[in-house]
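Engineer: Protein sequences, first through last, are from chains A and B. Position one of the first sequence corresponds to residue 1 (this note's numbering), numbered consecutively onward. Position one of the second sequence corresponds to residue 1 (this note's numbering), numbered consecutively onward.
Don't take each hint at face value.
Okay, the calculated beta carbon distance ranges per label pair [unchecked claim]:
1. 385(A) with 100(B): 44 to 52 Å
2. 112(A) with 102(B): 41 to 49 Å
3. 144(A) with 21(B): 33 to 41 Å
So, partial list: chain B residues that the calculated Cβ filter (under 7 Å) puts toward chain A [claimed, not checked]:
4. 15
5. 35
6. 53
7. 100
Residues on chain A that point at chain B, a partial pick, calculated with CB under 10 Å [stated by the list, open to error]:
8. 59
9. 70
10. 169
11. 170
12. 171
13. 172
14. 228
15. 262
16. 264
17. 266
18. 346
19. 354
20. 360
The hints are simulated quantities; they were obtained by calculation from the structure and are not laboratory data. Every residue gets a Cβ at the ideal spot worked out from N, C-alpha and C, and that includes glycine.
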Amino acid sequence: MINCLSDTADGAFDIGAGIMAPDAAILRDGRIAADSLWSAAQHEAEREAIYRRCWLYMVREEDVPLPGDYVVRDVEICGASVLIVRGKDAMLRAFHNVCRHRGMPVADGACGKAEALRCPYHSWTFRLDGSLKAIPNQKRFPTLDAQDLGLVPIALDMHAGFVFINLDPQPAMSLAAFLGGIAPLLEATTLAPFAHRDSLTYEVAANWKAGLDPQYEGYHVGTVHALTIREISVTPSNPFSEFRKMAFAGPHAAGWSRSNPDWRPRGDRHVQSFAVQTMGGLAGRVKGEGYPNAETPASLAVFPNFMLHPGAGGWFTQQHWPLTPQSHRWTAHYYYHAPVTASERLAIAQATAFARDSGMEDFLIMARQQKGLASGATDGFYYGEAEMLPRHRAAVIRSVLDGVPTRMRSVA
Amino acid sequence: MTPSLPVAFADLEPFAHLWEGLAGMESRYRARQDMSFDALKQFYDIAAPRLTEIMAHLDGFGARALPPAEAHLYRVALGLVEASLAVEFFGAARLPGAPYPHHVAVGGQAALSD
């Protein structure tokens with residue numbers, strides 16, 4: 001098996017371009033080229049070598065529960081709009097959200113429900129399995145064969161309820177092989193019972209890899225989150241909020257934090273105290289329903305851009321989608337058990353608002369970091385040994401980009 | 001017309017208008033940015049110590065729909081959540097270093113059907 005789980009960061013990996021080793025110099029010194037976070041050439045290379053090649057997480061299987069339910073997710077770096085729809089045969093399929101007549105997106109919005117997908121331009125209509133159902137005034141297209149004009153399929157596969165797609169028309173490896181040794185950690189992440197989700201979207205004025213960093217290390221917590229979560233994770237025995245354990249599986253990684261069982265909200269923080277106490281009650285009401293435990297990693301990083309974490313009421317997942325060399329889109333889902341009482345709804349509102357604000361502390365900082373890096377004042381930056389997760393990710397990306405010739409796409 | 005709050009919470013009436021008509025987190029976060037810290041703190045100091053009492057009252061209705069006065073009280077409590085972020089953590093209405101207005105979308109590209 002490739003992408004095996006290991007305690008060390010130097011294990012071989014494969015993302016579909018052959019077996020490679022993470023860049024040894026980056027693993028050793030932690031020095032990263034500054035322009036990897038702002039150059040257009042790097043952005044282009046990542047598009048071709050990573051986002052057009054890797055399996056990319058999209059949604060949970062239960063997010064598209066019934067025939068006709070669909071979601072649309074943009075992968076801007078590839079210019080792709082991905083339509084994921086459940087067919088009448090209950091199969092989940094992915095297609096390019098592009099009408100075969102004139103290229104119009106057939107599905108609107110980020111999610112919806114449809115009997116069939118009707119193009120808003122000239123009403124070409126597609127079945128939920130992607131096949132072309134009807135061309136209005138079809139006699140005017142005498143040479144077309146409707147059988148050849150279904151929506152263009154995209155490879156889709158699932159693992160433990162996590163739905164992934166691959167924009168490579170012929171993926172070089174299966175999802176199972178891609179996930180490799182990280183798969184058991186995904187299997188242990190039980191999101192399905194957490195029926196209430198709060199979802200947020202935010203555009204960040206920083207490179208997508210900078211966006212991933214705060215969840216890949218605890219080093220920043222004492223400084224960036226001095227007003228919010230510092231007190232939860234910084235302790236006399238762990239003053240720099242370091243992971244107690246790290247593991248690597250091919251391009252993927254995980255970090256386990258040292259818990260701080262003594263933390264309680266400050267007594268004068270009435271609303272936080274109420275929310276934390278109520279959330280504890282909600283957890284007790286639905287016992288044994290797949291909560292994170294001591295063996296759950298604080299950060300589970302599925303390459304290239306998907307992360308899972310224990311959350312205030314259950315779980316928290318996030319993704320960082322590249323938009324331009326210097327911007328990305330953050331999407332986050334906070335998973336809770338379905339609230340029954342007003343108190344439980346309020347506790348969830350506090351937990352999501354607190355997560356929003358502490359997340360913004362990261363994003364507001366990294367927008368300033370982006371300017372500093374892009375100024376060209378320095379040609380390198382550093383990840384320390386406690387920042388081995390981002391160091392490993394940078395070493396993986398370096399090797400991938402060195403190993404795969406960039407095919408620059410014409411923008412004409 | 002804005003419904004009154006339940007009688008037992010009449011002392012919160014002077015603050016109730018601050019959060020009236022703000023149905024979602026996006027609009028409450030924006031309203032917080034548009035208030036002075038002093039206004040948020042004044043509201044928090046009166047309302048926060050009563051939160052347990054407010055929520056016990058609302059929980060009394062179980063999963064049933066809240067009557068208008070109670071629904072109004074719940075919106076005030078949701079406003080208190082935004083105020084509490086400013087008062088309990090940041091000592092300021094707006095996040096340090098945030099642009100104004102600062103918008104974080106609920107749903108957006110991450111939206112899922114209910």
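Engineer: Run every hint past the structure and note whether it holds.
Structural biologist: Hint check results:
1. 385(A) with 100(B): 44 to 52 Å: violated, 39 Å
2. 112(A) with 102(B): 41 to 49 Å: Given range 41 to 49 Å: violated, Cβ gap about 29 Å.
3. 144(A) with 21(B): 33 to 41 Å: With a Cβ separation near 53 Å, residue 144(A) and residue 21(B) fall outside 33 to 41 Å, so the hint is violated.
4. 15: Cβ of residue 15(B) sits 15 Å from chain A, so the hint is violated.
5. 35: violated, 15 Å
6. 53: Violated, about 11 Å.
7. 100: violated, 12 Å
8. 59: Since chain B brings a Cβ to about 7 Å from residue 59(A), closer than 10 Å, the hint holds.
9. 70: Result: holds, 9 Å to nearest chain B Cβ.
10. 169: For residue 169(A), the interface hint is violated, since the closest Cβ of chain B sits about 24 Å away, which is over 10 Å.
11. 170: violated, 27 Å
12. 171: This interface hint is violated because 24 Å lies over the 10 Å limit.
13. 172: violated, 28 Å
14. 228: holds, 5 Å
15. 262: Since chain B brings no Cβ nearer than about 19 Å to residue 262(A), farther than 10 Å, the hint is violated.
16. 264: This interface hint is violated because 14 Å lies over the 10 Å limit.
17. 266: holds, 8 Å
18. 346: holds, 6 Å
19. 354: holds, 7 Å
20. 360: Holds: closest Cβ of chain B sits about 5 Å from residue 360(A), inside 10 Å.
Of the numbered hints given earlier, the model fails hints 1, 2, 3, 4, 5, 6, 7, 10, 11, 12, 13, 15 and 16; all others are met.
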